[in-house]
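Chemist: Turn these sequences into a full structure, and let the hints steer you where they fit.
In this note's numbering, the protein residues as written are 1 to 343.
Hint data in this document are derived by calculation from the structure and do not stem from the laboratory.
Please note: incorrect hints may appear among the correct ones.
Said to hold, decoys possible - Capping the alpha-carbon separation at 25 Å, the derived lysine-lysine pairs in DSS-like fashion look like this:
no., residue 1, residue 2
1, 219, 136
2, 235, 283
3, 164, 296
4, 100, 318
5, 318, 164
6, 283, 92
7, 219, 296
8, 164, 235
9, 174, 92
As the list claims (entries may be wrong) - Listed next, with one range per pair, are the computed distances between beta-carbon atoms:
no., residue 1, residue 2, range
10, 129, 212, 32 to 42 Å
11, 60, 304, 48 to 58 Å
12, 315, 60, 20 to 30 Å
13, 67, 181, 37 to 47 Å
14, 87, 283, 39 to 49 Å
15, 174, 59, 33 to 43 Å
16, 196, 230, 27 to 37 Å
All values reported here derive from a predicted model rather than from experimental measurement.
Each residue gets a CB set at the ideal place from its N, CA and C atoms; glycine is no exception.
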Amino acid sequence: MRDKRIMGKSTGHLAECTKRDFSRASEAGKTSGVFKILKSFLHHNRVGDILVLTGKITPAQLGQVLREERSSRTCKNELGQALIDRGMITAKELRLALFKQKFIRTAIATCAVFISLSGGAVKTAKASGIKDVPGKIRIVKASAKSKVEGSFGGYPALFGHGEKRSTELTAFTKWSDMFKRFENVLANGSGDNEVSKLQNDLRGLENASLVEKVVAVNKMMNKVPYITDSNNWGKTDYWATPVEFMQRGGDCEDFAIAKYTALRMLGVPEERLRVAIVQDTYKGIPHAVLIAYTDKGPMLLDNQMDDAVFTDSTRRYKPIYSINRQAWWLHKGLAPTRVASLN
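Modeler: This is the structure:
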């Protein structure tokens with residue numbers, strides 16, 4: 001995933017591009033749910049705006065203070081102090097507004113990543129419209145009773161962060177297009193050798209526990225060579241099918257997709273798996289991983305780590321969004337242990 005191009009742009013340019021593109025995406029989604037919340041955030045990210053929107057000061061009060069302080073070229077922190085000095089807000093209210101501002105600006109960067117990874121296209125891709133292509137090549141029959149097909153109470157917070165669920169898969173065209181290309185490959189037989197090899201490699205794991213399957217699949221797929229999209233495809237970002245990945249190698253999201261496919265072939269239910277786009281706090285760039293929700297907690301399958309680990313064992317990543325065929329989840333601030341129901 002060539003994400004450094006995102007990080008290299010100025011914050012202002014990112015914000016404007018994201019507002020414009022995300023507005024188009026939210027229109028396609030009828031500006032509801034997650035889109036409506038984010039659209040509002042993207043257009044109000046200054047401290048003064050936040051204080052007005054939350055009812056701490058009036059627009060007239062903000063305008064008055066800005067006029068009085070303009071000559072001193074006040075920055076946002078000095079504006080807050082000016083409001084405190086005039087008795088308009090408390091120090092606690094300013095701290096809360098600054099915290100909200102940080103969250104909102106993180107949302108702007110998040111949406112920039114979201115728009116980039118979706119290719120900026122505006123299409124409607126309902127969850128029900130994405131076919132279960134891995135299910136066509138599974139080695140554990142749909143009717144077979146698997147050790148991992150029991151339901152569990154809810155999704156634990158991913159890396160300690162909350163989440164908001166949406167089944168509107170608008171703009172995730174790289175994800176939905178990958179499934180379409182994968183289905184075509186299976187139909188025309190061009191990937192038969194790779195599929196047969198993968199099925200053979202997975203045999204013997206049918207009756208393993210979910211944790212055992214996760215560990216084995218992570219090790220298996222991490223042996224495939226890493227290669228950037230620009231070198232592999234001549235593109236800055238391309239989501240490869242598992243067949244393409246096994247033929248040519250791939251980058252982080254290709255590893256995650258291949259692992260997702262392998263676990264689905266082993267009978268792991270869709271709701272137990274998500275491809276997650278995260279912020280790598282070590283490198284300061286977005287990254288893609290696979291998350292598997294076991295009864296012992298969510299596990300991380302990462303091409304940057306030799307072994308699959310439980311997500312609570314690392315603080316390297318901050319989740320941006322996660323996705324499977326059923327829905328996508330926007331991740332936000334710290335959350336309780338269980339934040340979303342499966343039902």
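Chemist: Can the suggested window of 39 to 49 Å be confirmed for the beta-carbon pair residue 87 and residue 283?
Modeler: 45 Å, holds
Chemist: Does residue 164 pair with residue 235 here, judged by a C-alpha cut-off of 25 Å?
Modeler: 31 Å, violated
Chemist: Quickly compare the C-alpha distance for residue 219 and residue 296 to 25 Å and report which way the hint goes.
Modeler: 20 Å, holds
Chemist: Hint says 33 to 43 Å; check whether the CB-CB distance for residue 174 and residue 59 agrees.
Modeler: Given a distance of about 41 Å, which is inside 33 to 43 Å, the answer is holds.
Chemist: What's the verdict on residue 235 and residue 283, does the C-alpha distance respect the 25 Å limit or exceed it?
Modeler: 22 Å, holds
Chemist: For residue 219 and residue 136, compute the direct alpha-carbon distance and say whether it is at most 25 Å.
Modeler: It holds: about 24 Å lies between the C-alpha atoms, which stays within 25 Å.
Chemist: Between residue 129 and residue 212, is the Cβ distance one that fits in 32 to 42 Å?
Modeler: Given range 32 to 42 Å: holds, Cβ gap about 33 Å.
Chemist: Given the proposed pairing of residue 164 with residue 296, does the C-alpha separation stay at or below 25 Å?
Modeler: Roughly 22 Å between the alpha carbons, so the hint for residue 164 and residue 296 holds.
Chemist: Below or equal to 25 Å on CA atoms is what counts here, so check residue 100 against residue 318.
Modeler: 17 Å, holds
Chemist: Given the hinted pair residue 174 and residue 92, is their Cα-Cα distance within 25 Å?
Modeler: Measuring from Cα to Cα gives roughly 43 Å; hence the hint is violated.
Chemist: Does the Cβ-Cβ separation between residue 67 and residue 181 fall within 37 to 47 Å?
Modeler: 58 Å, violated
Chemist: Holds or violated: the 20 to 30 Å window for the beta-carbon distance between residue 315 and residue 60?
Modeler: 44 Å, violated
Hints 6, 8, 9, 12 and 13 from the earlier list are contradicted by this structure; the remaining hints agree with it.
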